[in-house]
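J.: Work the whole structure out from these sequences, hints included.
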Amino acid sequence: MADQALDVDFALNEAQEMLRQTTRQFLADRVPLEAVRQLADTEAGFDEKLWQAGAELGWHSLAIPEEYGGAGYTFAELSIVLEELGRALFPGPFLSTVVMAADAILTAGTEDQKQAHLPAIARGERTVGVALFEGPRGANLDDISMAAEPSGDGWVLTGTKTNVVFGQAVDTILVAARTAGGLSLFLIPSGTPGVSHEAVPTLDPTTKQAQLTFTTVSVGPEALLGREGAAGPVIERILRLAAVGLSLDQVGGAQWCLETSVEHGKTRFQFGRAIGSFQSIKHRCADMLVEVEHARSAAYHAARVTGDEEELVIAAPLAKSVCSDAYEHVAGETIQILGGTGFSWEHSVHLYFKRAKSTALMFGDARYHRRLLADALGL
Amino acid sequence: MTDTIKAESAEALVGERLEQLLGGYDPSVEPQEFWGNQYDLGLAWVQFPEGFGGLGVSPKYQSVVQGALEKAGAPTWNRELNLLGIGMGAGVLAAHGTDAQKVKWLRPMFTTEDMWCQLFSEPGAGSDLANLSAKAVRDGDEWIVNGQKVWTTLAHIAKWGMIPVRTDPDVPKHAGITYFIVDMKAEGVEVRPLYQITGEAEFNEVFFTDVRVPDEYRIDEVGAGWRVSMTTLMNERVAIGSRALPRGGGSMEAAIKAWKDYGHADPAARDELVQLWAGWEALRLTTLRANQMRKAGTPGPEGSTGKLAWADLNKAITAFTVDLMGWDGTLYPGGYVLHRPTEFESEGSPQRNFLRARANSIEGGTSEIMKNIVGERVLGLPGEPRVDKDLPWKEVPRG
Numbered sequence: 001m002a003d004q005a006l007d008v009d010f011a012l013n014e015a016q017e018m019l020r021q022t023t024r025q026f027l028a029d030r031v032p033l034e035a036v037r038q039l040a041d042t043e044a045g046f047d048e049k050l051w052q053a054g055a056e057l058g059w060h061s062l063a064i065p066e067e068y069g070g071a072g073y074t075f076a077e078l079s080i081v082l083e084e085l086g087r088a089l090f091p092g093p094f095l096s097t098v099v100m101a102a103d104a105i106l107t108a109g110t111e112d113q114k115q116a117h118l119p120a121i122a123r124g125e126r127t128v129g130v131a132l133f134e135g136p137r138g139a140n141l142d143d144i145s146m147a148a149e150p151s152g153d154g155w156v157l158t159g160t161k162t163n164v165v166f167g168q169a170v171d172t173i174l175v176a177a178r179t180a181g182g183l184s185l186f187l188i189p190s191g192t193p194g195v196s197h198e199a200v201p202t203l204d205p206t207t208k209q210a211q212l213t214f215t216t217v218s219v220g221p222e223a224l225l226g227r228e229g230a231a232g233p234v235i236e237r238i239l240r241l242a243a244v245g246l247s248l249d250q251v252g253g254a255q256w257c258l259e260t261s262v263e264h265g266k267t268r269f270q271f272g273r274a275i276g277s278f279q280s281i282k283h284r285c286a287d288m289l290v291e292v293e294h295a296r297s298a299a300y301h302a303a304r305v306t307g308d309e310e311e312l313v314i315a316a317p318l319a320k321s322v323c324s325d326a327y328e329h330v331a332g333e334t335i336q337i338l339g340g341t342g343f344s345w346e347h348s349v350h351l352y353f354k355r356a357k358s359t360a361l362m363f364g365d366a367r368y369h370r371r372l373l374a375d376a377l378g379l
Numbered sequence: 380m381t382d383t384i385k386a387e388s389a390e391a392l393v394g395e396r397l398e399q400l401l402g403g404y405d406p407s408v409e410p411q412e413f414w415g416n417q418y419d420l421g422l423a424w425v426q427f428p429e430g431f432g433g434l435g436v437s438p439k440y441q442s443v444v445q446g447a448l449e450k451a452g453a454p455t456w457n458r459e460l461n462l463l464g465i466g467m468g469a470g471v472l473a474a475h476g477t478d479a480q481k482v483k484w485l486r487p488m489f490t491t492e493d494m495w496c497q498l499f500s501e502p503g504a505g506s507d508l509a510n511l512s513a514k515a516v517r518d519g520d521e522w523i524v525n526g527q528k529v530w531t532t533l534a535h536i537a538k539w540g541m542i543p544v545r546t547d548p549d550v551p552k553h554a555g556i557t558y559f560i561v562d563m564k565a566e567g568v569e570v571r572p573l574y575q576i577t578g579e580a581e582f583n584e585v586f587f588t589d590v591r592v593p594d595e596y597r598i599d600e601v602g603a604g605w606r607v608s609m610t611t612l613m614n615e616r617v618a619i620g621s622r623a624l625p626r627g628g629g630s631m632e633a634a635i636k637a638w639k640d641y642g643h644a645d646p647a648a649r650d651e652l653v654q655l656w657a658g659w660e661a662l663r664l665t666t667l668r669a670n671q672m673r674k675a676g677t678p679g680p681e682g683s684t685g686k687l688a689w690a691d692l693n694k695a696i697t698a699f700t701v702d703l704m705g706w707d708g709t710l711y712p713g714g715y716v717l718h719r720p721t722e723f724e725s726e727g728s729p730q731r732n733f734l735r736a737r738a739n740s741i742e743g744g745t746s747e748i749m750k751n752i753v754g755e756r757v758l759g760l761p762g763e764p765r766v767d768k769d770l771p772w773k774e775v776p777r778g
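Taken in sequence, the protein lines are chains A and B. Using our numbering, the first residue of the first sequence is number 1, and each one after it goes up by one. Using our numbering, the first residue of the second sequence is number 380, and each one after it goes up by one.
Incorrect hints may have been included.
Which bits of chain A does chain B cover? Going by a derived footprint, with three or more residues having C-beta under 8 Å, they are [said to hold, decoys possible]:
#: 1; segment: 85-99
#: 2; segment: 214-225
#: 3; segment: 243-255
#: 4; segment: 272-278
#: 5; segment: 373-379
No more than 30 Å apart at the CA atoms, straight line, and that leaves these computed lysine-lysine pairs for BS3-like [stated by the list, open to error]:
#: 6; chain 1: B; residue 1: K639; chain 2: B; residue 2: K694
#: 7; chain 1: A; residue 1: K266; chain 2: B; residue 2: K639
#: 8; chain 1: B; residue 1: K639; chain 2: B; residue 2: K674
#: 9; chain 1: B; residue 1: K674; chain 2: B; residue 2: K636
#: 10; chain 1: B; residue 1: K636; chain 2: B; residue 2: K694
#: 11; chain 1: A; residue 1: K357; chain 2: B; residue 2: K694
Source of the hints: derived by calculation from the structure; they are not laboratory data. Glycine residues also receive a C-beta, built at the ideal position from the N, C-alpha and C atoms.
T.: Structure, rendered in structure tokens:
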């Protein structure tokens, strides 16, 4: 078993290849960088119609079992879409809805909750924001202190959640709070009385965030996801999946940066030569290729072991640390190779550079994940 | 459909031959005799034609053969022992040799009766290999070779050497090279040990003085030596870049051991340790992925980065390991005893491995040359202007 986890099969089958092609084509046609930049200027930060169109292509349903309206594939298929979304800088609450919330509901939800939410997620009719942390250092369970008190047969939630990705635009919120029994998760409509959101300007214009304030928010018993006090392992799992999901986004973006650098190296002439013929540029590009390929291997491996918790504890922080560093470095190098153009607002590389930094910091940076990795390895 | 049948019959054939080789396997048989049987049964390089150590089937079946040999406890170390022959020379003969040459050289190479070496680098031709100046002049059915080669692994025990030499100085450098197999025991071949940074002499300098080489030992056409040399180097780089590494193994294992033995806990050092571990694991996964893609017939850029990445990582890991040893890192167990190993030595003290690792980014193509290759052949970036490209070799400045 351990050996199998160590040596996953990386090859894509025909259906998976097809999924990559159709996803890339759709994104190129419908979400070119001009469209991404327009969406970045809107309050919602994403487009409901595009969200729906993606769902119609099957993106949202890939890893959801058939009995809950999904396609019944695995994270390996979902990973293809995640990488392509990263390459296209696709804006939207895809990670929080399709990767994190869907898995939390599937892992912890009651049968009623699964039936109520999973088919809706699969159809693209639900957007979920994940509200876990309460300050800039939020990364693990210790960083959750908001309380939920029992009231009648339901609960009252009070507190503030920071950095809820697309929290200003989602229709549903998955919120973590402490109850007498321990950590619990609640799934509530964002329009519930007492919930207010304040959009905060973000470094990465393609990833909106909001601060959510819960002022004595009363919810019914159905809002509690699964069992009271049992959410610790569920949250830990979706944090690992978030790390894997972000790693794939980073691989997609880093690949775009590499291709952009290489293209510039072939077409930009100085001193009478294409600048890519200079070793100072060429060697940088070769180094970038090494980084991107290593990042890809780490992310693809992680995407293939999400069902094996023992291996995922190693694979997820490995991927997040390797891919974060790679994307940040490759995006930075691309700006350097593009020169003044790379520093301009007009060229889109700055959006990749910003998404690289933002995804590197979300849910714990590379150093944090190396700490997790060291712990997992007993070092 | 026909492919399926072909695959089935190939699998059956390999299985049948394995049964012949390993049925009633007797561990007391001399390894060289066993390897001879393996060669005769076509299980040396399964992708080679029958009669030349192969069965003419897909190379993927070689892993089946290796697995079966290991399971049976049969000897497989000939590939390591005669790495330059079996790992590179065989590929060169397969791609460029005549049938007579294959018959002459492949079997004794595989059994390790004849060890092989590779005579490429010269004092004046390292990264710019095509600038080589060892020369051969035709004399009837023979060639007369003069010149010096350097950094030649195992030259002192090799029977045969692969050697590109200049046969036409009047044409541009790539066009005037011819490739030979030379008898290392022939008159006029002098092998001297080349002591290196670790005190060992893994390598040699080889001097050729009026060495006579029969024309039958020429590989491919006169003037085709550059092409043949490239085949050799590609085999070498794939061999270096595609070695399977265990998770946390190799030099990483020594780093972890030092971390534990010396009772480290400093968070900064721990971060560095894990960063190296993660790099090593990403390399392992990339190698695994590249090997899978190569086997599936869909090789991609992931197959070109292994040597480059490994060189940097191995240097960093071995240096970090010595750091972890503190004052012990300033010692050199056993001292610098000049000696001449007769086979590849990959193990040693962390201090020795730290020194040895400096060669990783030089041997088999420097990292600078590897980055040119990756940049130009994989990424498609334009080459540098070459001032010597159209000049006759003899007019190119050198020094």
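J.: Each of the hints needs a verdict: does it hold here or not?
T.: Against the structure, the hints:
no.	hint	verdict
1	85-99	violated (count 0)
2	214-225	violated (count 0)
3	243-255	violated (count 0)
4	272-278	holds (count 5)
5	373-379	holds (count 4)
6	B:K639 to B:K694	20 Å, holds
7	A:K266 to B:K639	49 Å, violated
8	B:K639 to B:K674	38 Å, violated
9	B:K674 to B:K636	35 Å, violated
10	B:K636 to B:K694	17 Å, holds
11	A:K357 to B:K694	29 Å, holds
Checked against the numbered hints given earlier, the structure breaks hints 1, 2, 3, 7, 8 and 9 and satisfies all the rest.
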